[in-house]
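Put the two chains together into one complex; each comes in its own frame, and the hints tell you how they fit.
Residue numbers (my numbering), protein chains in the order written: chain E, 1 to 114; chain U, 115 to 228.
Some hints here could point you the wrong way.
As the list claims (entries may be wrong) - Cross-link-like lysine to aspartate or glutamate pairs, in silico, DMTMM-like; alpha carbons within 25 Å at most:
| id | chain 1 | residue 1 | chain 2 | residue 2 |
| --- | --- | --- | --- | --- |
| 1 | U | Lys163 | E | Glu20 |
| 2 | E | Lys11 | U | Glu156 |
| 3 | U | Lys166 | E | Glu102 |
As the list claims (entries may be wrong) - One side of the interface only, derived from the structure: several residues of chain U facing chain E at Cβ under 10 Å:
| id | residue |
| --- | --- |
| 4 | Ser128 |
| 5 | Phe148 |
| 6 | Phe176 |
| 7 | Asn207 |
| 8 | Lys215 |
| 9 | Gln220 |
What the hints assert, rightly or not - Residues of chain U placed beyond 12 Å of chain E at every Cβ, according to the derived structure:
| id | residue |
| --- | --- |
| 10 | Val125 |
| 11 | Thr126 |
| 12 | Leu127 |
| 13 | Thr142 |
| 14 | Lys174 |
| 15 | Glu177 |
| 16 | Lys182 |
| 17 | Glu183 |
| 18 | Glu190 |
| 19 | Val196 |
| 20 | Asp198 |
| 21 | Ser199 |
| 22 | Thr211 |
| 23 | Thr225 |
Everything labelled a hint here was simulated from the structure, so no lab data went into it.
These figures come from a predicted structure and were not determined experimentally.
Backbone N, C-alpha and C fix where the C-beta goes; we use that ideal spot for every residue, glycine too.
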Amino acid sequence: GAGVSQSPSNKVTEKGKDVELRCDPISGHTALYWYRQSLGQGLEFLIYFQGNSAPDKSGLPSDRFSAERTGGSVSTLTIQRTQQEDSAVYLCASSTKGQAYEQYFGPGTRLTVT
Amino acid sequence: GDSVTQMEGPVTLSEEAFLTINCTYTATGYPSLFWYVQYPGEGLQLLLKATKADDKGSNKGFEATYRKETTSFHLEKGSVQVSDSAVYFCALNAGGTSYGKLTFGQGTILTVHP
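This is chain U alone, in the form it adopts within the complex (with noise of 0.2 Å):
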């Protein structure tokens, strides 16, 4: 079945810091490919999303590469903020029968001190 695995947590950076949190999939076909963010006490919501590969997703200084070569989407951002301490998950839609269904990675805790 589709699955998603990211990298564990959680990571610690200082500001500024450049940031990547490792994403791989499995999916038969071509799925679309998404990047979630929880802050505290919020509800998650979407940071970036790519559709077809080689397509770039980007959002707040994120960005996020769709590698069908490689089957991953790891997300970077060059400079960190303490605002981006949060719980990244990446995420998964396979389309046909599973059009309504996200499938989600374990999700990766970041925290960023001053």
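So that you can see chain E by itself, here it is in the shape it has in the complex (with noise of 0.2 Å):
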């Protein structure tokens, strides 16, 4: 069946701008997650959904960052006010509730901020 897919698969935007990066959940898992991929600190969770509310926020990095997720499927991580800092691979999840353990990663989202 299909994977966890993401969109898109590169941006690249000027520094002050805000971006959406999108991902689409395996059909029928209910968890979320999302996470950033960057040469300097590695691969970092940011937030967990289990359906639409998101318990789990811990690790937005700042109030710039939000994400969303509309009718326990799609998710949309929303970064505003774009810094170079922020430049990273973006790394959607899902699992099947009660397998938290096993997270099936998408492709990713390259984020180029310039």
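Structure (structure tokens):
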């Protein structure tokens, strides 16, 4: 079946602009996760959704970052007033409830802030 | 806080050599432990897992044993192939309030030559 998909695959934006990154989880997966992968910081957890609610937002680096999930499916990660240090690959993952440990990852969105 | 430390890479081996990638962790309680792999041009995928002390996870000829006394989860393979060339990430899930969060090590690049 279809895996986790993310769009766009690549995004180049100017410093100060807002960007939206989209994640489509595997059908039937109720849990969704966002991570960030960068050279300096490795793989960092950002936020976790169970259904449409986010019980753990502890990894969001600043109030410029927000995420929402609607209909228990698609999620959008929004970065406002982008900075160069936001440049990274943003990964989305999903899992079935009760199988939170087996997270299935998407291919990622490579964000470059110029 | 929770953390994972992996051996520094990159690791370069000849085909059929023995592989060990060291991983140690710091966590409160009894975390679950994982190895994820990222093949060139592909997304992260779960390689193996262990959810309690002394469990051995295994997949595709790779093995790792959850050692609580040494807080370790070293990855081993008896005979590597060129197709094993990838980046390997050790990770933990601490459960509790961190139920949805994977904490990753820095990753180890493995290159296998014919």
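Each hint tested on the structure:
| no. | hint | verdict |
| --- | --- | --- |
| 1 | U:Lys163 / E:Glu20 | violated (33 Å) |
| 2 | E:Lys11 / U:Glu156 | holds (18 Å) |
| 3 | U:Lys166 / E:Glu102 | holds (15 Å) |
| 4 | Ser128 | violated (28 Å) |
| 5 | Phe148 | holds (7 Å) |
| 6 | Phe176 | violated (16 Å) |
| 7 | Asn207 | holds (5 Å) |
| 8 | Lys215 | holds (5 Å) |
| 9 | Gln220 | holds (5 Å) |
| 10 | Val125 | holds (17 Å) |
| 11 | Thr126 | holds (20 Å) |
| 12 | Leu127 | holds (23 Å) |
| 13 | Thr142 | holds (15 Å) |
| 14 | Lys174 | holds (16 Å) |
| 15 | Glu177 | holds (18 Å) |
| 16 | Lys182 | holds (17 Å) |
| 17 | Glu183 | holds (22 Å) |
| 18 | Glu190 | holds (21 Å) |
| 19 | Val196 | holds (23 Å) |
| 20 | Asp198 | holds (19 Å) |
| 21 | Ser199 | holds (19 Å) |
| 22 | Thr211 | violated (7 Å) |
| 23 | Thr225 | holds (18 Å) |
Comparing the model with each numbered hint stated earlier shows that hints 1, 4, 6 and 22 do not hold.
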